[in-house]
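2 protein chains.
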Amino acid sequence: MSEPPLIGAIEAGGTKMVCAVGHTWREVRDAPVHVVPTTTPDETMSRVLDWFAARHAQTPLRALGVASFGPIDFDADAIAATTPKEQWRGFRWRRAIAERFGDLPLGYDTDTDAAGVAEWRWGAAQGRDVSVYVTVGTGIGGGLVINGVPVHGLLHPELGHIYVPRQAGDDFAGSCPSHGDCLEGLASGEAIAQRWHRTGPELPADHPAWDLESSYLALAVVNVAMIASPQVMVLGGGVMAVGGLLERVRDKVRTAVNGYLPREELRGHVDHYLVAPGLGSSSGVIGAFALGRRALDASLAPSA
Amino acid sequence: MSEPPLIGAIEAGGTKMVCAVGHTWREVRDAPVHVVPTTTPDETMSRVLDWFAARHAQTPLRALGVASFGPIDFDADAIAATTPKEQWRGFRWRRAIAERFGDLPLGYDTDTDAAGVAEWRWGAAQGRDVSVYVTVGTGIGGGLVINGVPVHGLLHPELGHIYVPRQAGDDFAGSCPSHGDCLEGLASGEAIAQRWHRTGPELPADHPAWDLESSYLALAVVNVAMIASPQVMVLGGGVMAVGGLLERVRDKVRTAVNGYLPREELRGHVDHYLVAPGLGSSSGVIGAFALGRRALDASLAPSA
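Top line first, the protein sequences correspond to chains D and W. Letter 189 of the first sequence, counting from 1, is numbered 194 in the numbering used here, and no numbers are missing. Letter 87 of the second sequence, counting from 1, is numbered 92 in the numbering used here, and no numbers are missing.
Hints listed in this document are in silico derivations from the structure and should not be mistaken for laboratory results. Be aware that a few hints might be false.
Unchecked claim - Dumping the calculated DSBU-like pairs for lysine-lysine here, alpha-carbon to alpha-carbon at most 30 angstroms:
{"no.": "1", "chain 1": "W", "residue 1": "257", "chain 2": "D", "residue 2": "90"}
{"no.": "2", "chain 1": "D", "residue 1": "21", "chain 2": "D", "residue 2": "90"}
{"no.": "3", "chain 1": "W", "residue 1": "90", "chain 2": "D", "residue 2": "257"}
{"no.": "4", "chain 1": "W", "residue 1": "21", "chain 2": "W", "residue 2": "90"}
Pulled out of the complex, with its shape left as it was, chain D reads as follows (with noise of 0.2 angstroms):
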């Protein structure tokens, strides 16, 4: 049997991108990872595509997936001038890849979207026909997975940015630049280091703000569970793998459906329900690289 083609990976995040290549997911999230700092364009994308540039020169690469933060408008193929990254306004993963290695095939979706393929494919979320993933990190985002495509719509999920209700006694303004108080603005990272002048991960256990995190993020899943009814809701993200905050979120759950789906999974099971991811932090550059194997193999598909 011939070896598969070897994919290149790109996570795209507000503050790095991490690259990668390999001829299997496996090797994706084995490979050593070639880290860059997300700064201008410019900068970091000829930093980006030299590294690539050099492994295509021992073995060539077939395609490219990109997982990149957003918005992104797809329509124009660009990233949305609504981003909070100001340089990026307007950027064109599919022109800047194409100047350096023409027409090598190009997936890109959001990271989110990507993560959440990646663990539908080979995570947390397989076998299900309806699954949602959710980072919590700087910021919060999600994708929402149907029979292993990410549902695009309008646009794409943006579920950082719903409105959940405020916690009694809690009176930080939010930091979302477009809404304040939204999801984002209360309960990502930067919230929390806005809100407590501290990281997540410098906050002790005990702290409060785990119990007005863990609110809020109950508040959103419950949110999602009835506008989009997934079986499952994987909750990845670097705020989300701080110690215990699963565990609490998980018991606000069943607290605030409170029996209303007749379903187990938001009873006694809530641990199936909302789940650690199964690629731990790799999923978003793992669905990268699904991103750019699925775009080699459209390119390959005879044309209709």
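Guided by the hints, dock chain W onto chain D, whose structure is given.
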């Protein structure tokens, strides 16, 4: 060309059952409907099924479709034990209809899923990959339709039971028996009646009730847009039919999104995004027709 098969349609609501027959959706829309009050299952169903039996004796029905209140436990093939309609807990559509009509093909789904399918096929959501139908009446519900198929996932969406921020000065406890001040508890027809001691249609257009109502509904619309990213949302139901409410909701959605999603549907063209049902108040019964027709087609398809 032969006449299409005759299909029976039941829109099963908490206060009444709307029954119709037709060969086409237009016939169902235009046919005189038969209305039976929803009391006990025995009493209601014998009256409903007597009526269909009389139609069946004239021209044989080829299938029945039911658009039912919920929650529905599809795995158990029954109305869920958590429905507020206590006498209907555990009621089985399939069994009740089989007792009178044998193996007549039956399609059933929630009322909002059915209405969503009808609006997608023949109404205001035609041609959209991702659409949402919301009803604001005695209760609040909604269905998510992707490529014409209602998303069930864990159970089915229960959009009325999301949590949204309470508006300043609103100290009404909420009317939802399960959740208190979820969206349904704050903004359903029942909530309006409990809060203002008058029904929606009795409240004048300049009553503060409408400012509050439109605020809650706008927050719900934003949450749906951010989680499921529909290309259109159809807003139906008795409360939504009150003059001026849809326009108020549109204004507040534009403000709440604050330009974040780079789509004109959520900026200048929100009147193309938040729309009244194309099928008027008939979405539910026409949806039941669509479910019946789909069940017939499935019964005729060669088995795998």
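Against the structure, the hints:
1. For the hint linking residue 257 of chain W to residue 90 of chain D, the alpha-carbon distance of about 27 angstroms falls within 30 angstroms, and the restraint holds.
2. A distance of roughly 12 angstroms separates the Cα atoms of residue 21 of chain D and residue 90 of chain D; the hinted pair therefore holds under the 30 angstroms criterion.
3. In summary, the hint linking residue 90 of chain W to residue 257 of chain D is supported, as the alpha carbons are separated by about 27 angstroms, within the 30 angstroms threshold.
4. For the hint pairing residue 21 of chain W with residue 90 of chain W, the CA-to-CA distance comes to about 12 angstroms; that is within 30 angstroms, so the pair holds.
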